[in-house]
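As given, the protein sequences belong to chains A and B, one line each in that order. Each residue of the first sequence is one higher than the last, beginning at 1 in the numbering used here. Each residue of the second sequence is one higher than the last, beginning at 86 in the numbering used here.
To be clear, the hints were calculated from the coordinates, so they are not data collected in a lab. Among the clues, some could well be false.
Claimed, not checked - Here are the simulated DSS-like pairs of lysine-lysine, each with C-alpha atoms no more than 25 Å apart in a straight line: (1) A/K5 to B/K138; (2) A/K64 to A/K83; (3) B/K138 to A/K7.
To be verified - Derived contacts from chain B toward chain A, CB cut-off under 10 Å, selection only: (4) K93; (5) F136; (6) A141; (7) K151; (8) I188; (9) E190; (10) P194; (11) F197; (12) V198.
None of the values given here were measured: they were computed from a predicted structure. Don't be surprised by glycine CBs; every beta carbon is placed ideally from N, CA and C.
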Amino acid sequence: MEDLKEKLKAQLIEQLNLEDITPADINSSDPLFGEGLGLDSIDALEIIVLLQKEYGIKIEDTKKGKEIFQSIDTLAAYIEANKKS
Amino acid sequence: MNNLTIKKYVSVKSDALRINGEIALANGSSADFGEFMKHIYHFYKVSYLKFFKMDALSKLGFIASKVLLIDDDSSRFEPEEKAIVVANRSSSLNTDVKYNQSISEIPSPAVFVYTLPNILQGEISIHHNMKGENAFFVQEKPDVPFLVNYVNILFKTTRTKKVIAGWIEVDVNNFYQAFLMDVEESDNNSLIANFDIDLIQNQLFTE
Numbered sequence: 001m002e003d004l005k006e007k008l009k010a011q012l013i014e015q016l017n018l019e020d021i022t023p024a025d026i027n028s029s030d031p032l033f034g035e036g037l038g039l040d041s042i043d044a045l046e047i048i049v050l051l052q053k054e055y056g057i058k059i060e061d062t063k064k065g066k067e068i069f070q071s072i073d074t075l076a077a078y079i080e081a082n083k084k085s
Numbered sequence: 086m087n088n089l090t091i092k093k094y095v096s097v098k099s100d101a102l103r104i105n106g107e108i109a110l111a112n113g114s115s116a117d118f119g120e121f122m123k124h125i126y127h128f129y130k131v132s133y134l135k136f137f138k139m140d141a142l143s144k145l146g147f148i149a150s151k152v153l154l155i156d157d158d159s160s161r162f163e164p165e166e167k168a169i170v171v172a173n174r175s176s177s178l179n180t181d182v183k184y185n186q187s188i189s190e191i192p193s194p195a196v197f198v199y200t201l202p203n204i205l206q207g208e209i210s211i212h213h214n215m216k217g218e219n220a221f222f223v224q225e226k227p228d229v230p231f232l233v234n235y236v237n238i239l240f241k242t243t244r245t246k247k248v249i250a251g252w253i254e255v256d257v258n259n260f261y262q263a264f265l266m267d268v269e270e271s272d273n274n275s276l277i278a279n280f281d282i283d284l285i286q287n288q289l290f291t292e
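Here chain B stands alone, though its shape is the one from the complex (with noise of 0.2 Å):
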């Protein structure tokens, strides 16, 4: 197995969406979660109308994949060789307290489908057509060493040629972040930067 790459990163965080670490769209007029999401969903001219039905939770790493995988020609791999692997500390309690809310009244069903986190990589594999590994955990922070095992061990026991790692979060006050990763191994040809643990953690992260 060649060493693996990160061929792009995304983050989106409430002042900004940064590719690679650069400010690719801010939030220049602070809108809100809601308005922010769709200002990307918009300014890349994404044509999914799913999109609006979607949780807070699944609208976040649905445009950071969007976002992510937006220049990717992801024919070069077979469904079953993409995989997702995504942690949050949150799982879905922001939808999980709107429903319960709602079961005063008349429990909506649209709400209900998302009270699962990894409904989100459900929405990101049927978009980016992925069947490969899809795992979730639930972590009280960023569990970097874990993410970066967890995606070697992928890549050398089973098909894996690329994953999308990372961080997507959205709690009961609406604070959010996402932190995407392309991780495949290593062609020379588009290397951002490594897949190692301390470069994550301490800088990409953090941008």
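Extracted from the complex, chain A is given alone in its bound form (with noise of 0.2 Å):
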């Protein structure tokens, strides 16, 4: 999980465009969305694809959303639980 969380934050990185900013500053419970990373609805957009495009993941229920994108913990989480073996 801890290699999953690390591959995310680097992903997210590069995928988000997060100039100047680098996995060890991540800190995997920090919110990513307003306090945390700033980041925005396109950055969740974005994130969708980024779970289907790697992981083959799609998110069917939207209102969890919130839930899944609440942290990299979160998110790791939810990709371990949902990945196609």
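Put the complex together from the two separate chains, hints included.
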């Protein structure tokens, strides 16, 4: 799980153009949106694309998005539980 | 209405960033577009992370406007009194092509949002709190008489007291050129140049 979290941090930095931020700057439990990394709604869409492209995961229930995208911890847990084996 | 004056003008081309015709930052290493924009960003200590998410056209417009207004006290005017009038030749084609290429896989929402040229004005307006006229024109080549006429009409017929006007172009081959002027009514203290068609067309724009 820790490996997945580190990989996710690197992928988010690359995909979302988070300039001057390194994986070490992102605390796994910090909020991704709002006060945390300050991501916005377009970033949320990019994360949905990332999940689909890199992990083959589609978020069917959009109401769960807020919960899943809360932090690196919640995102990694969702991928772990839903990734195609 | 007093005569209109150009308080300051900025150009960005592949060789240098110029302020009022003088080189302010040369692209000495001939860095590519992205590197040069980042260099200007850091040189002027800009702090606006959204800059890195912008497409090439918005980056160019944003950075040119940031340098143009860096010492300007924008609180002198109401947001509704500050306008932007910009033109270019290639619209948002540079980004449109990238978006079209991404469609073969999963289209990128972050690229899609920049598939309109006037998005660059939105980025400038948000950052500088400008809520006045917001016009973008696509022209074969810079039409200075049209631009000057349009800006004059704005000052005469609306609440406009300040206009950011010029040309922001990025084509499909990544050729780029920005030329922005800060236009206000003359107060005799900050006159750089008259807002004059011949002067802009034959001198300022070509510097």
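Violated hints, by number in ascending order, as checked against the structure: 4, 6, 7 and 8
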